[in-house]
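S.K.: Next come the chains, spelled out residue by residue.
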Amino acid sequence: MESSVSRETREELENADWKEIWPRLLKCASAKVWKSKHLRLGNHDPQDLVQDAVSLAFGAGEDGRFRRWNKEKYPDLTDFLMGVISSLAYHEIGKDRKRKQEHLDPDVEKPVDPCYKEIMANYTSIAPSPEEAVEQEENSRLLITKLEEILGKDEEGQLVLLAICGGKTKPQAIAEDTRISIGHVYKARERIRKILSSIP
Amino acid sequence: MQCNKKGWLVMSQKDSFLAMLDNLTEFAGGSEGQSADEVMAELRSEGFDVDDGFQEFMKTVGECSARSRRQDLESARERRMQAEAKLKITERFKRTKEELMATIQALLSPDPQLSVSWRDLESKSEEDLISLIEDLETARQIRTKEGSDEE
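Chains A and B are the protein sequences, given in the same order.
Reminder that position 177 of the first sequence reads as 176 in my numbering, one-by-one numbering, no gaps.
To convert, take the position in the second sequence, counting from 1, and add 80; that gives my numbering.
Any given hint could be a false lead.
Mimicking DSS-like on lysine-lysine, the simulated pairs with C-alpha atoms at most 27 Å apart in a straight line are [to be verified]:
no., chain 1, residue 1, chain 2, residue 2
1, A, Lys70, B, Lys139
2, A, Lys18, A, Lys70
3, A, Lys18, A, Lys193
4, A, Lys18, A, Lys152
5, A, Lys36, A, Lys169
6, A, Lys18, B, Lys139
No lab work stands behind these hints, which were simulated from the structure alone.
Values in this document were obtained by computation on a predicted structure and should not be read as measured data.
If we strip away everything but chain B, and leave its shape as in the complex, we get (with noise of 0.2 Å):
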């Protein structure tokens, strides 16, 4: 920007009056130097009815601050509820890896076309084997549920 005869206001190409009006507005919003009182007194003479308007504000931090705690609570039931869960299953699970193992054959044995070899699960971590009990128990009670239908 530079000075011409007419005035200031000569725009240099980087120049847009927008961001002005933009940096306008900022100063204009600001009130460092003033105390609130001061504030709200120009609020008041620009036609706000601050004294309703802080009450309605102070109406909205109130319920803003439930809602947050509310939010806070159900998020704890929810944790204690999966780790209630978690607990269950550990507690079901609560065998070595030789008796994990023995389950598992035990679920595959009466389907010949399914099997494992004792190798092939010794190399498996004890949380896939719970994992593969579970999946196994879960096809069977599909495959029970399905008998039961077309009987």
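For reference, chain A alone in the conformation it holds in the complex (with noise of 0.2 Å):
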């Protein structure tokens, strides 16, 4: 089977500066591991999301799987192995459900057609049911509902979660459109994220 990666994508990945690259990956995936945790979608070791990441990268995932670093799209090699790292959360999460519900309703028929199979398959590895959506949804809102809670008077933490719900997740753009130093977002981050992690 020939490789899927080129010889010169291979070499940058043997050469990359993983010191670097992979404290800021497993934060990623602990990120969201958190996230399907408290939506009580499944509970992965993020270590083992970072290690698929780079095997698909590689060419070398499961079954010969692969994931192409599109350099135009992703020049940064740690921002592409994150776009894997949330693509395999949210797969991740989908083969859960489909496990859970394939145990709840182990008798429920299968399409005989392949192809209908397969995009079914697809289907509800994706999308959630109309009960497990209102599940989430609540369950998102107790949790953002927590955190507003528990910043109080935390006034620049107050905006930067405004911020935050209102689309923006890039650091350098919650600063602009809040016009809070970028220092200040940084350490607003930091206070979101213990707040998070004490959340039982």
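Taking the hints as your guide, dock the two standalone chains into a single complex.
M.R.: As structure tokens, this is what we get:
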């Protein structure tokens, strides 16, 4: 089987500054896992997610699976791998959901047509049932309300949270949106992280 | 989203708390403005065994790299074998178009029901003629084998 990554990409991966990249990937994976745990969608090991992402980038994933590094879209390797981690976390959640559904309803009749079956397999791995969607939404609301309560009179923290809920995720964009200095946004992030990790 | 007396968490119809939570985890999982050492220290305080974890990760990088290189070698070997096989065929059929057409006529001659006119053959490309010869040879081998089985 032909390697799905070019020699150039492989060499870049081999020579990457992993001491610099790995902690950032683990931080990203840890946040994704925190979310799925609090939405009761499964509990994965963040380190496994990072290792799986790198295996895919090398074209050495399970059953020959791979993710091609599109350097035009993601010039930075860390950004690319974070994207792979997000996608993996999303699909792992989908797999858990599917397993849960099969466990709850083992006698459910499976469609015969293999094409249809494949389409449905993809669909059920991604889309939650209406009940699950309501539950996820409610759990998300509880988490955000809890965070808002704990932030209390931390005005900068509240403003940062408001910007996040308004769709901003990058500190620079939040700083511009809230007119808080970037240094203070970083500090607010530290406080928010501490609060999130303390929520049982 | 808009403010009200209780706080700012009043939803407009298009907002969803799940989307907000996605944004929040994206933000919390970022490490812009931090050095790698700072991130490592944070991870350590969150309970990660970062020293063992990093070693384990580097082991995975080494294994993936080796697997990827092995795949390349296997692929190169396959390509070489295919090229060699193609070369053998080309060598075998290094003949003029007329010679190829004569070979076809000869292969068809034992069976009077199968015949192709010279003009028909002339309209074919050399590649088509080679394919036809290969098909006819295969058919003859099968027929010969069937004949010997019957005996």
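S.K.: In ascending order, which of the hints set out earlier in this document are inconsistent with the structure?
M.R.: Violated hint (a single one): 4; every other hint is consistent with the structure.
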